[in-house]
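There are 2 protein chains.
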Amino acid sequence: MIDPYSILFEPLAIGPVVARNRFYQVPHCCGMGHLRPQAHAAMREMKARGGWAVVSTEEAEIHPSSDLSPYAEQRIWDERDIPALRLMTDAVHEHGALAAIELAHNGSHAANLYSRIAPLAVGNMATDIGYSRQARNATKKDLHEFRQWHRAAALRARDAGFDIVYVYAGHRMTLTQQFLLPEFNDRRDEYGGSLENRVRLIRELLEETKEAIGDTCAVAFRFAVDEMRGSDGMQAEEEGRAVVEMLAELPDLWDVNVSDWSNDSITTRYQPDEGYQLPYTSFVKSVTSKPVVSVGKFTSPDKMVSLVKNGIVDFIGAARPSIADPFLPQKIQQGRSDEIRECIGCNICVASDNMGVSIRCTQNPTMGEEWRRGWHPEHIEPKKADASVLIVGGGPAGLESAVQFARRGFLVTLSEAGETLGGRVVAESGLNGLAAWKRVSDIRIYELQQKAGVSIYTSSRLTVENIKEFGADHVVLATGSVWRADGIGRSSRSAVHKLEKIKVLTPDNIMQGELPADGPVLIYDDDQCYLAGVIAEHLAVKRGNITDKGVVNNGIIFVTPANSVSPWMEHTLEQQRIQKSLLELKVEIHTGKQVVSVADGTVELQCIYTDATSNVRADTLIPVTERLPVDALYEPLQQAGVSVELIGDAHAPGLIADAVYSGHLAARGFLADPKAAEAAHFMRELPALD
Amino acid sequence: MIDPYSILFEPLAIGPVVARNRFYQVPHCCGMGHLRPQAHAAMREMKARGGWAVVSTEEAEIHPSSDLSPYAEQRIWDERDIPALRLMTDAVHEHGALAAIELAHNGSHAANLYSRIAPLAVGNMATDIGYSRQARNATKKDLHEFRQWHRAAALRARDAGFDIVYVYAGHRMTLTQQFLLPEFNDRRDEYGGSLENRVRLIRELLEETKEAIGDTCAVAFRFAVDEMRGSDGMQAEEEGRAVVEMLAELPDLWDVNVSDWSNDSITTRYQPDEGYQLPYTSFVKSVTSKPVVSVGKFTSPDKMVSLVKNGIVDFIGAARPSIADPFLPQKIQQGRSDEIRECIGCNICVASDNMGVSIRCTQNPTMGEEWRRGWHPEHIEPKKADASVLIVGGGPAGLESAVQFARRGFLVTLSEAGETLGGRVVAESGLNGLAAWKRVSDIRIYELQQKAGVSIYTSSRLTVENIKEFGADHVVLATGSVWRADGIGRSSRSAVHKLEKIKVLTPDNIMQGELPADGPVLIYDDDQCYLAGVIAEHLAVKRGNITDKGVVNNGIIFVTPANSVSPWMEHTLEQQRIQKSLLELKVEIHTGKQVVSVADGTVELQCIYTDATSNVRADTLIPVTERLPVDALYEPLQQAGVSVELIGDAHAPGLIADAVYSGHLAARGFLADPKAAEAAHFMRELPALD
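For the record, the sequence lines run as chains A and B.
Going by the working numbering, the first sequence opens with residue 2, and the numbers climb by one from there.
Going by the working numbering, the second sequence opens with residue 2, and the numbers climb by one from there.
This list has only true hints and no planted wrong ones.
Distance windows between CB atoms, simulated:
#, chain 1, residue 1, chain 2, residue 2, range
1, A, Asp91, B, Gln149, 38 to 46 Å
2, B, Gln149, A, Asp474, 24 to 32 Å
3, B, Glu246, A, Gly602, 48 to 56 Å
Coverage of chain A stretches by chain B, computed from C-beta distances (three or more under 8 Å per stretch; other residues unrestricted):
#, region
4, 356 to 367
5, 522 to 531
Derived by calculation from the structure, the hints in this document are not laboratory data.
All C-beta atoms in this analysis are idealised placements derived from N, C-alpha and C, irrespective of residue type, glycine included.
I would like the entire structure built from these sequences, with the hints used as guidance.
Below, the structure written as structure tokens:
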């Protein structure tokens with residue numbers, strides 16, 4: 002029988018280099034960059050190990066006038082950056098992959114907060130961070146220098162061992178793209194006006210990069226063909242296509258996507274479809290003879306085969322799927338597609354970068370830990386001695402822990418009080434937009450079901466006595482957390498006054514399927530992360546008072562002490578979409594307000610600025626503020642001398658990613674040298690003292 | 002004659018060490034920390050050179066469970082941090098000062114985004130960043146370990162060469178302070194309940210630190226005696242005093258201030274008084290026999306003398322004044338008090354730290370540049386050959402440039418088009434709350450007036466021809482910028498539609514004293530920094546419709562696409578105060594809205610989320626969006642072969658700090674080796690590749 006996936010493993014030339022297969026990790030941020038080069042090299046190396054043909058860096062600043070501090074992107078300012086980059090190229094080459102670097106100049110997106118150089122842009126304009134320092138118009142002399150910087154960076158990239166060097170115009174955050182867009186470019190010189198003129202800078206960079214290094218390195222062009230803003234922006238059918246036509250044969254590879262970053266990396270909450278970028282990018286193959294790569298959260302091997310077979314793309318591009326499963330190519334090649342850990346599209350990876358720290362992943366707890374802890378996503382140290390482990394709680398922490406304990410060869414019993422496994426990921430996946438989150442439990446339940454030595458019990462709530470009687474060598478409590486019902490949280494450590502005067506539903510009640518009675522419902526978000534916004538959306542959709550005139554007031558009221566809805570979700574690039582969605586669903590939003598007390602039928606709000614109070618009518622209050630760990634079993638077991646530990650939300654409530662990570666850590670740490678485990682907490686990369 | 006300031010130069014013992022005088026640089030953040038140890042050491046060294054008796058670090062994380070990533074605070078996690086810290090202690094000792102370190106554990110303020118350890122707190126609670134990861138309740142075992150971490154850190158601090166080691170409970174961001182405050186502490190063990198119990202952890206740390214290192218190092222206690230929240234928080238007259246009484250003789254030094262950080266580091270805009278903390282802290286001397294240091298933006302030598310003489314404090318504490326003028330002590334000692342560069346209280350220093358980059362200062366452009374550029378605040382390389390320099394424009398950039406060119410010995414002509422020198426700092430200082438900003442021009446004008454070889458002309462607007470005729474060897478254009486009148490800015494590159502239908506005043510008009518006519522005024526803030534908020538406050542106060550019932554609607558409307566008023570000012574710790582002030586002045590605030598078009602008497606706003614439009618009535622529009630450099634002289638002069646450069650806002654509009662820095666840079670760079678100047682742009686500290 003012919004392997005149906007063999008087409009994905011055919012080598013393909015990209016200019017002067019050859020990719021071993023069709024799996025291409027496009028450039029993606031990771032919060033490591035120039036600050037954490039060893040961690041960066043080890044993380045990229047894992048992709049090469051896992052079978053990717055091309056492994057790319059994040060954007061690499063070519064000059065201190067494109068200084069993205071304090072964010073940890075890549076840097077190739079001068080030759081002193083080469084040794085750090087060489088760590089990555091050597092590591093990637095060792096496993097037969099090509100290394101690519103995305104050279105970048107960020108124009109007015111780079112505020113140069115460290116270098117203090119005046120930002121350089123297509124014209125005089127504000128930078129896009131909220132800081133009163135403007136970018137200045139690039140003169141002809143500046144552009145001449147800029148091209149020299151880019152050429153010099155390309156030469157350094159070659160010297161650092163890269164096989165593919167990018168010219169980059171995308172994500173609404175690059176100088177080259179700003180030249181391209183009439184919105185920004187009102188120049189009257191040969192770089193402004195006609196598309197030919199606006200594309201000139203890109204053409205020059207492509208030509209000059211090829212001239213400089215094209216004999217040994219491929220020159221790729223990453224280009225956002227559509228801004229997804231309709232006629233307000235570049236469109237794939239209009240100038241997007243025209244640009245591809247103009248430059249068709251110039252780059253050795255076209256890496257095409259949509260802009261801005263929030264469109265390119267849209268979450269499943271707002272775009273569940275695999276291949277959502279193809280309607281915009283699929284024309285490119287018909288315009289150029291050069292290989293094309295595009296992205297779209299591809300995780301289905303059959304879809305991949307069809308894309309390559311039908312000439313839609315030559316390479317399956319991936320950022321997030323390669324994070325969730327660095328071994329995706331190898332698993333397909335080895336006929337183990339059912340073991341692929343599918344990206345859930347939550348953008349916790351993106352959030353790490355936006356918080357300025359190393360990448361993490363909800364599905365893959367080893368992501369970002371390759372160097373610090375030496376973790377491998379597929380391997381874990383086998384047991385050195387037999388032991389039985391009882392894991393109490395089958396949510397994300399318990400499931401991950403059970404999987405890893407089982408992989409190590411321990412005898413695992415997983416006991417879940419509820420009727421089904423999955424805990425909060427299953428509960429939350431029932432809410433509007435979060436269906437993909439169930440993949441976190443699905444993949445783990447599937448693996449546990451295959452494993453010998455694993456017993457699973459549901460509808461099994463254990464007491465201290467049960468656990469003692471069970472007599473496992475080690476007990477892991479993954480008993481989760483419950484949402485507080487009293488309104489205590491980040492903004493106030495006092496309970497809402499006279500709470501007995503209103504019907505209170507907690508997020509747990511909602512996730513268990515309880516719906517508020519008719520009448521106004523006030524959701525109080527002091528968590529400021531995703532859940533309150535999701536619940537508001539969920540209830541508004543459920544009530545669904547959609548009339549001929551659109552959605553009418555459906556009695557959902559959203560109150561938060563923050564200045565916007567779900568502000569933390571700016572890190573996942575979702576905040577704008579969340580607030581838009583609630584507004585369109587006619588949710589009544591009150592920002593900058595705390596809930597302080599209740600009277601019959603009304604809730605009193607207090608302005609966080611002035612302490613002025615106001616009242617809103619509500620029959621139900623849903624406080625989404627803080628959680629309490631469910632940890633009552635811990636103390637008695639410990640006092641009874643049982644070997645016991647708390648993990649996940651039962652230890653410290655957090656994101657699902659935190660729970661999975663905690664479960665993984667527990668399994669890795671069991672019977673390990675405690676000094677080595679402790680030492681990993683202290684691992685970091687220190688500045689050289691020269 | 003007896004030197005009136007001699008009392009400030011009397012040595013004083015602090016436990017086992019002796020401070021040479023009474024000038025004490027208390028711990029302050031600087032955005033360098035563990036990421037930039039060489040820059041940090043050089044910056045602190047400059048304070049020691051300038052005569053400070055004690056030079057402190059910023060807060061130093063004692064353990065990875067207090068990981069403030071991505072912020073660049075100090076670290077003393079383990080012995081690998083010692084070499085970086087030793088750079089600082091050696092540098093400080095070389096100039097006869099004592100080095101102090103502020104050991105810190107930040108409890109629920111540390112989100113541990115890099116280390117991923119569950120945050121540790123006095124109870125289960127949200128962290129104070131908007132992230133759904135909670136801190137967990139510290140068990141007795143945790144507290145035992147915490148004390149060991151603190152003790153080990155103290156020993157490392159001693160080994161790194163520190164003379165003074167802090168125990169720190171302040172700024173509402175430390176674990177110890179959270180134990181102290183009933184608001185956070187609801188424990189039922191011996192660490193909760195009575196004040197004696199809540200202070201227990203601090204007492205233990207003080208005792209254990211003294212026991213560990215007290216024979217050779219002084220142990221200081223930094224304590225916020227008052228939260229400035231009235232009876233909602235700790236008060237100096239109540240528990241604040243009681244704590245001092247309980248621990249009176251335990252530390253070797255009391256470093257007392259108010260909490261939180263926005264109160265301790267309040268800006269002049271909201272608190273112009275020198276010594277504003279004394280009403281809270283002055284009791285401390287009467288309770289303890291140990292030396293006391295306190296802060297309050299002290300810059301007046303006479304005030305300092307009176308404080309020490311009257312036994313209010315033993316040491317003059319300073320953070321911001323030591324940043325604005327590292328040589329403040331030396332200047333007082335040498336009878337050059339009139340040369341002190343007074344802190345203007347703008348908190349640009351604080352903002353740097355909050356942005357995660359190296360410290361900068363409006364008054365002192367060399368701050369943060371000691372290592373990278375080798376700049377000294379008092380010295381600049383003298384000219385090697387004669388040259389005459391014409392500086393066009395007497396704003397902050399032109400003035401600073403003139404001062405530094407003159408210090409180098411060049412013949413300087415400063416020509417200002419306006420009637421007075423000062424440019425934008427004088428213009429802005431006429432607005433509500435910004436009076437102190439005039440210090441930027443005052444100190445420079447004063448210095449220029451003393452200097453030989455400096456000619457100053459006001460009311461002198463120069464043309465290209467004038468400048469060519471003048472025949473200077475070098476021309477520096479510091480001609481500033483003007484605010485756009487068309488609404489183009491960060492959120493839109495299209496002008497407001499039908500702008501001719503409304504009276505438009507620019508911020509420049511307002512600063513020139515023009516007031517809008519009666520009727521509603523719409524201030525449109527797309528700058529999102531300070532100016533629009535200041536103008537709103539200024540106009541509201543001017544209109545001053547204050548009645549028996551408080552302020553009434555005064556027709557000032559504030560519209561911004563941001564989600565809050567002046568969001569960038571969170572970095573200066575002012576955002577909360579600004580929005581409160583506008584609300585109390587009854588300014589009508591619309592957030593999340595763009596101004597898109599004008600009709601007769603109304604302005605159309607568009608929601609940034611949904612594009613829905615709404616109208617507000619307004620007779621005057623004040624767009625505060627973006628600035629245009631005034632650079633028309635540049636091209637013709639350059640084409641005429643004149644040696645000319647643009648600086649300050651004329652180069653790229655920015656903060657006053659940016660303008661001063663730009664002016665300084667121009668003078669340093671004149672006739673300097675261009676390679677060396679270029680190389681400084683690339684200077685940074687790289688991670689070691691071990």
